[in-house]
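Using the hints provided, position chain B relative to the given structure of chain A.
2 protein chains.
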Amino acid sequence: MVQYTEQFILLLFFTLKNGKHFIFITYLCSLIRSITIIIYMYRTNTCGELRMTNLNQEVILSGWVQKARKFGGMIFVDLRDRYGITQLVFNQDTNAELCNRAAKLGREWVIQVKGTVAERSNKNPNIPTGDIEIISSELAVLNPSETPPFTIEEDTDGGDDLRMKYRYLDLRRSVVRSNLELRHQMAFATRSYLNERQFMEVETPVLIGSTPEGARDFIVPSRMNPGEFYALPQSPQLFKQLLMVSGFDRYFQIVKCFRDEDLRADRQPEFTQIDCEMSFVEQEDILGIFEGLTKYLFKTIKNIDLPDFPRMSYADAMRLYGSDKPDTRFGMQFVEIKDLTAGKGFGVFDGAEYVGAICVEGAAAYTRKQLDELTDFVKRPQVGAKGLIYVRYDLDGALKSSVDKFYSVEDLQKWVERAGAKPGDLLLVLCGETEKTQKQLSELRLEMGARLGLRDKTKYNCLWVVDFPLLEYDEPLNRYFAKHHPFTSPKPEDIPLLETNPGAVRANAYDMVINGVEIGGGSIRIHNSELQKKMFSVLGFSDEQAQAQFGFLMNAFKYGAPPHGGIAFGLDRFVSIFAGLDSIRDCIAFPKNNSGRDVMIDAPSTVAQEQLDELNLKINPHETPVTNT
Amino acid sequence: MVQYTEQFILLLFFTLKNGKHFIFITYLCSLIRSITIIIYMYRTNTCGELRMTNLNQEVILSGWVQKARKFGGMIFVDLRDRYGITQLVFNQDTNAELCNRAAKLGREWVIQVKGTVAERSNKNPNIPTGDIEIISSELAVLNPSETPPFTIEEDTDGGDDLRMKYRYLDLRRSVVRSNLELRHQMAFATRSYLNERQFMEVETPVLIGSTPEGARDFIVPSRMNPGEFYALPQSPQLFKQLLMVSGFDRYFQIVKCFRDEDLRADRQPEFTQIDCEMSFVEQEDILGIFEGLTKYLFKTIKNIDLPDFPRMSYADAMRLYGSDKPDTRFGMQFVEIKDLTAGKGFGVFDGAEYVGAICVEGAAAYTRKQLDELTDFVKRPQVGAKGLIYVRYDLDGALKSSVDKFYSVEDLQKWVERAGAKPGDLLLVLCGETEKTQKQLSELRLEMGARLGLRDKTKYNCLWVVDFPLLEYDEPLNRYFAKHHPFTSPKPEDIPLLETNPGAVRANAYDMVINGVEIGGGSIRIHNSELQKKMFSVLGFSDEQAQAQFGFLMNAFKYGAPPHGGIAFGLDRFVSIFAGLDSIRDCIAFPKNNSGRDVMIDAPSTVAQEQLDELNLKINPHETPVTNT
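So the protein lines, in turn, are chains A and B. Following numbering that gives the first Met the number 0, the numbering of the first sequence begins with 0 at its first residue and continues without gaps. Following numbering that gives the first Met the number 0, the numbering of the second sequence begins with 0 at its first residue and continues without gaps.
In isolation and in its complexed conformation, chain A is listed as follows (with noise of 0.2 Å):
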């Protein structure tokens, strides 16, 4: 009955709103008893503008019920839209009729309601419209609402499952909302920040050809190509190397991407890229603008002012910090101390080819207890540390270490040298093959500088990693594969290297990284058709093979390719970066689980029998479809 009313009620009010005025009509109905107040426009203001200068105003407010809550004769409802709350009030003494329906309110209903702008006199300081509220004079339900499956709060007690199913509900709450906001933003500035400088934002297409490098394609079957497929594009490299041969000079895009790939917390089937390539161009000027792009964000959305990004060779960043993607909010740089720990007899040293140290401030207090944890810590399967040797240098000067029965004092007092360490500061020594030690060695630093609090978000250090390897060699498939993709061009200097030792060959190659996460990469492209057949041979590509899957590229460069670098940054991460998320799938609207499920439109699924039969396909009869996973 009262569903029934409301739909009679919105059915008059769209048929009477002819006047530009506010019409009030009394109309008298067998069904409806009661006296329906019309109103005509959905609002004159958002829940998040009014203040002290608008007192007096008379306003209608649409939005949804935060809470409403009783107090004396009063109903107070706190009313909720995309750009804020607003509290409005029911007065039982000035309007009992009026007082009685809001009473009836539920959570999320959407209403509209007209009314005064008044003071509070409980003013709420943590909300911009915490100095005002509304003395409501009507009110129309819009829209009732069941009960939400979890709370829309900052705080929600909705699990993750939950919220993914109800997406659209979770996505009310402000937190989450506005990680979207900022996506927009960020989007937006950069947008205007390329405009500026001539990049030209082309669309590429989504429908290609599948390329045999790197992550698995997600294919689309083609029906009007039967037993062909298209392949969803990885990245629109090929595209916009195109369009640098074309002459297009300085292009960009914000564009999705696609990998079919088993799935962690940043990985999603689907994901942004911000995509660019410059022609004429060297590394500096790829450098100079993106940096400028990066420090045009920051300055624009969190005015932050960024200095200049420090460079570091990719050489550099795995000796000091053994990854290629450095948190450098904090230092702790490994130190290799395999010099001075050798020939002491503690074999364990003596037989590994790397010693490495890092010296933790003011932690030579850590407890038994605490040293025991971070020794499982390296042990655990994720970092594959046999062991871990510590040397506590406490703040009286003793040096105290679990291998004091193969080391003097006088050696340990060289290592604490070496490693700049105080007293007070403890150090955390790991051993073994070198590249996997170092690896070991980050995992620790990054937890010693979580456990230290240096990791902090609101903090932002930027660099730029360069100079990395061109190749890297697959051990068990015996060949080597492009450490960025086949069309990074190797430093000048090292193409004779091509020929006598291809591990040794640097790139034109450059990651931009901020707080221990890669944010961007690029390179400078080989132009030249003869330097890319050298590289796919040395890839390990038969001229047919290479002809095949690159022969339009590789063609196109015979008709005149200019020079051209360019760089893609990954929109999902740089957004959460901004945001300070741990995971991406909280800076994208509707994400996907790890099991490449959208739960809450139930995506993928079954499909009709004739459209696969349209499409010339057949299920393979042994596996049964699964509806859920």
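Hints were generated in silico from the structure; no laboratory data involved. Keep in mind that the hints are not guaranteed to be accurate.
As the list claims (entries may be wrong) - Which residues of chain A face chain B? A few of them, derived with a C-beta cut under 8 Å, are: (1) GLU137; (2) THR203; (3) SER209; (4) ARG222; (5) TYR229; (6) PHE247; (7) ASP259; (8) GLY383; (9) ALA384; (10) GLY386; (11) ILE388; (12) GLY559; (13) PRO561; (14) ASP601; (15) THR605; (16) LYS617.
Said to hold, decoys possible - Output of the computed footprint for chain B on chain A, the stretches with three or more beta carbons under 8 Å from beta carbons of chain B: (17) 141-155; (18) 184-190; (19) 582-596.
We treat Cβ as the ideally placed atom computed from N, Cα and C, and that holds for glycine.
Just chain B now, with coordinates in the frame of chain A:
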């Protein structure tokens, strides 16, 4: 040998570019006999920016050789980049070695030149740089080019197929590139306008679930969920409505959409929409914002001030133009003359449901041959009329018609009077079943508009078509279909008709039409679960079907959906209209042909059996995979 030299020079050039000044080195080498000049930095200016104000400046330019010609002891080279063309001069008398090297340059070679800006004796008023030329002092070939398969000029000798195969060369033509520059400008201006007005761009997923309404979906097999498929979105319709339920208030997205349809000139399997949605609005709010957007685009990009857009009901559009997207650049509105033609013994008219005429101004002098051509035109199967009746209103006032046998001059006088014809005009008349005949008359009207030069591509007539029917009846299937989509709201006053006469229900739906092209369309949505259920039942969906296919949206509406509505523009068509193109293909960087193929990269293509195995798929064995169509 030449190529090796080039590579060697490039290598040196990279090796030695440490200084911020130009490094000139002289390098003697057994392989290289000539003295090589190395230039640091690819360019100081683009090929489009130098003017008389730059006289005597030393500059470096890089670009493509548009053409080279000898004249006396000089060689003139037109150097081209995205920004323009600049003339280079090489002088045999002052630098013979350089001039000899310039003589070897071919079309589309990429070169770099250093020189001094000088005033031209033979100025070229057709290009902005036409007052100056560069007296060249140094030259480096950055990349040679094979002879391109067609000339890279405004009017090319390349046919469509060749141009598509070498699209990267076709895109070098300024006439094609400028369409993409326009596209970038329009997208950027659209974002600026909407951002100013609190719209948030939100990315909705590309891998979604299949929807049953509308055109065929492209589907994507899921590896992680065997036997299940994602679908690519035909539009973000459901997601944008969910965002309104989430309280996003104002959403937009410039987004790729996908339809697996048979293609024609203005259809592509992937296309781009400017997709928008707003909450707490009525039709009037949406028309206001997006009429504003269109005016803003015309003003900022074409410097055209558009008047307010007229509104036309669907019924009027059909009655006066026989089309829901009338080309209003010219009049020639339909005139119904059934009543004037009845009862004079002309069975064809008497038996027709509809007799309609258009008045073609100044066409009374059309010859027999021209009139026969028009008769042939309307009889073409694409138009489908049985014949054409004409009335000539000669300049001397005489009236002659092809039905003189049945109608007196007095009869014809009434026809021309109603049509508002003047002496010198021609009346063209069609008759038959109303809707069919109106469509035929519409084709004839457009043809006459074209013949009379009234469809001027530099003139823009915009209008809103409103009050669309909510439903369309499908005779063979004996059911109603949603004319826009199943979420379109009926006009509240027509809701009762849903029970009694669904075909008469009008929708809160609107289309923006420019020059006879539907540029955008949208509607106010149903936000009430009950009304939505009613709608599905009218569309013949069982509760179970509706729940299975749209359940998640109907569920979402239970939790407080605001009143909302939106619109989507076809960006490809919008750009075509701005660019004066007949097909959307030339404002898309890498379009597909009518078989859905990208002939440049040769996609779609077959995939490896292992990939199909991983996806648990089989191609039906009775079909042979087709590699090329």
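Hints, verified against the model:
no.: 1; hint: GLU137; in the structure: 16 Å, violated
no.: 2; hint: THR203; in the structure: 6 Å, holds
no.: 3; hint: SER209; in the structure: 6 Å, holds
no.: 4; hint: ARG222; in the structure: 6 Å, holds
no.: 5; hint: TYR229; in the structure: 5 Å, holds
no.: 6; hint: PHE247; in the structure: 6 Å, holds
no.: 7; hint: ASP259; in the structure: 6 Å, holds
no.: 8; hint: GLY383; in the structure: 27 Å, violated
no.: 9; hint: ALA384; in the structure: 32 Å, violated
no.: 10; hint: GLY386; in the structure: 38 Å, violated
no.: 11; hint: ILE388; in the structure: 43 Å, violated
no.: 12; hint: GLY559; in the structure: 4 Å, holds
no.: 13; hint: PRO561; in the structure: 5 Å, holds
no.: 14; hint: ASP601; in the structure: 7 Å, holds
no.: 15; hint: THR605; in the structure: 6 Å, holds
no.: 16; hint: LYS617; in the structure: 4 Å, holds
no.: 17; hint: 141-155; in the structure: holds (count 6)
no.: 18; hint: 184-190; in the structure: holds (count 3)
no.: 19; hint: 582-596; in the structure: holds (count 7)
Of the numbered hints stated above, those contradicted by the structure are hints 1, 8, 9, 10 and 11, listed in ascending order.
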